[in-house]
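Engineer: One letter stands for each residue in the lines below.
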Amino acid sequence: MISLGHFLTIGGMLFAIGLIGFTTRRNLITMFLCAEMMLQGVVLNLLAFSRYHADLSGQVFALFIVTVAACEAGIALALFVSVYRRSRSLDISVWQALREPGLLPIVDREPLPPPIQDSRDPHLPVAGRKPQRQEELSRV
Amino acid sequence: MVVATATIPMMAGQLIGASLLGVLAFFFLLPRPRGQSLALGTFFGLASLAMLFTLLFLQFGQPSSDDVAALLFWLFACVALIFAGVLVAESNPARGAMAFAFVILSTCGLFLVLAAPFLMAATIIVYAGAIIVTFLFVLMLSHVEGPSDENDRSREPLLGALAGIAFAGLILFALLSPGSGLAASQNGVLPAKVSHHPLFIPPITPSERQLLLEVAAELQKAEQMDRDQLLASDYTQATRDQLERLLGGIPDAAATDALTWQQRLALTRADPRVRAIIARVDRVRDLTRETFDQVDVALIDEMPPNLDRARSALKSLRQEILILAGVGELPSRNVGTIGFRLFSEHLMAVELAGVLLLVATIGAVLIAGRRGRIA
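The listed protein sequences correspond, in order, to chains A and B. Quick note: the first sequence uses the working numbering, first residue 1, plus one each step. Quick note: the second sequence uses the working numbering, first residue 1, plus one each step.
These are computed hints drawn from the structure, not numbers from a lab. Take the hints with a grain of salt, since some may be wrong.
What the hints assert, rightly or not - Not everything, but these chain A residues come out facing chain B in the computed CB check (under 7 Å):
#  : residue
1  : 17
2  : 60
3  : 64
4  : 107
5  : 110
6  : 128
7  : 129
8  : 131
9  : 132
10 : 134
All residues carry an ideal CB built from backbone N, CA and C; glycine is no exception.
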């Protein structure tokens, strides 16, 4: 026998972790994936209740959620392309001029760390000889 | 056997401990230029996960009496939560998309444990496409070398983690508190290792389902007869007899529910799962009486006889009976029953979803096709 509470808990945890990601991360693509993960938590809830009541309505609603998620993905990715064309960046904070009046802007004070030079990449030594091009004997 | 008992304050203490560990985990894991610690974050995250699973096991018991299903549940739940954390904490969006793929796969495993094979397949197919498209976008749009603003900074890591975990903790507290009815408690003492709410005993036996399907087939035959055949045949009495044997008596118009409501209340209280099925059986029973009354009125009393109305009444009765038969087919014939319900009960919603997809497609083309000013 499967108990309901376990599945509700896992669904709630997925929703909460997605919520953390959506509120804290600044990359638009990561935020989008986190929103999709919240939807997964909701679907899990619906399916658990569907099994609990032995009624397929929950699965039907979950199917509609998948449909709406597909619409959302299409619109979101189109918006990302449009936003990227204007600002050349996926950073959501570039658009913070759209915030409410009276809120202070977020300023990044800490400098970013320098890029890590990855020395593990293989370096190919120059080997062999440059092939000689054959001189054309006759020119027109 | 040691009967471990946990009181409500102890449960709340464990919950608060797991939540605090979770907040610390996300605080240390979220990317930012200074103060990020992968080792500490991983340690706190795993500790929080272990505490959460211990709490679940102590309060709700095993998820399933079937060992294989229980093992699958713990495995998929663990993988889903770990990779969800990786998706939130990973600074590289391509790796985040990979982690999201693992989250999807393991939630699909949970769908399978919940007897939803069609939805599992649909989700894998839809999200496999979505993840590949997302990869395309990551490769196309973020070709940043080294650390960047969008990937290596977070907005308010501490407050965000606090908000999310507080949300999860409140949900868990509501689930675990005795008022929810999920964790059985007597005088504040929670018995351990008891599966309180078993899910799914087949509510309708195969023979009952077979009978229901036969009745539905008879009704379908009756829908195609003309008036004289309908009046001559004894389908009404036969169907009534069969349904009566199955559902336990079709009340006359005068009879009220006064006799059965106490039994029904007792049954509902004993097992809330039964509520939906009882309601459906009641609906079918009432509808049977109404339908046959309507057919009689439409064929005999009205001049000229209204054959269409009789047919539509029979059709709606047949649909209800088929849905009732489908309740017993939850694990098997999943696709067929979902399809039937989609196109009988939720036809309007299906049409609306189609319109929504169309509008979304047009909107995506319009938004992405517009030439913006390049900064």
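Engineer: Hint by hint, note whether the structure agrees.
Structural biologist: A quick look at each hint next to the structure:
1. For residue 17/A, the interface hint holds, the least distance from its beta-carbon to any beta-carbon of chain B being 4 Å, beneath 7 Å.
2. Taken as an interface hint, residue 60/A checks out: its beta carbon lies about 6 Å from the nearest beta carbon of chain B, inside 7 Å.
3. Against a cut-off of 7 Å between C-beta atoms, the interface hint on residue 64/A holds, since the closest Cβ of chain B lies about 6 Å away.
4. At about 11 Å, the closest approach between the beta carbon of residue 107/A and any beta carbon in chain B exceeds 7 Å, and the interface hint on this residue is violated.
5. Annotation: interface hint on residue 110/A holds; nearest CB of chain B at approximately 4 Å, less than 7 Å.
6. A least Cβ separation of about 30 Å between residue 128/A and chain B goes past the 7 Å threshold, and the interface hint is therefore violated.
7. For the restraint placing residue 129/A at the interface with chain B, the shortest Cβ-Cβ distance is roughly 33 Å, beyond the 7 Å limit, so the hint is violated.
8. Residue-level restraint check for residue 131/A is violated (minimum Cβ-Cβ distance to chain B is 33 Å; threshold 7 Å).
9. With a least beta-carbon distance of about 37 Å to chain B, the hint placing residue 132/A at the interface is violated under the 7 Å criterion.
10. Evaluation of the residue 134/A hint against chain B yields a violated restraint, the C-beta minimum of about 40 Å exceeding 7 Å.
Of the numbered hints stated above, those contradicted by the structure are hints 4, 6, 7, 8, 9, 10, listed in ascending order.
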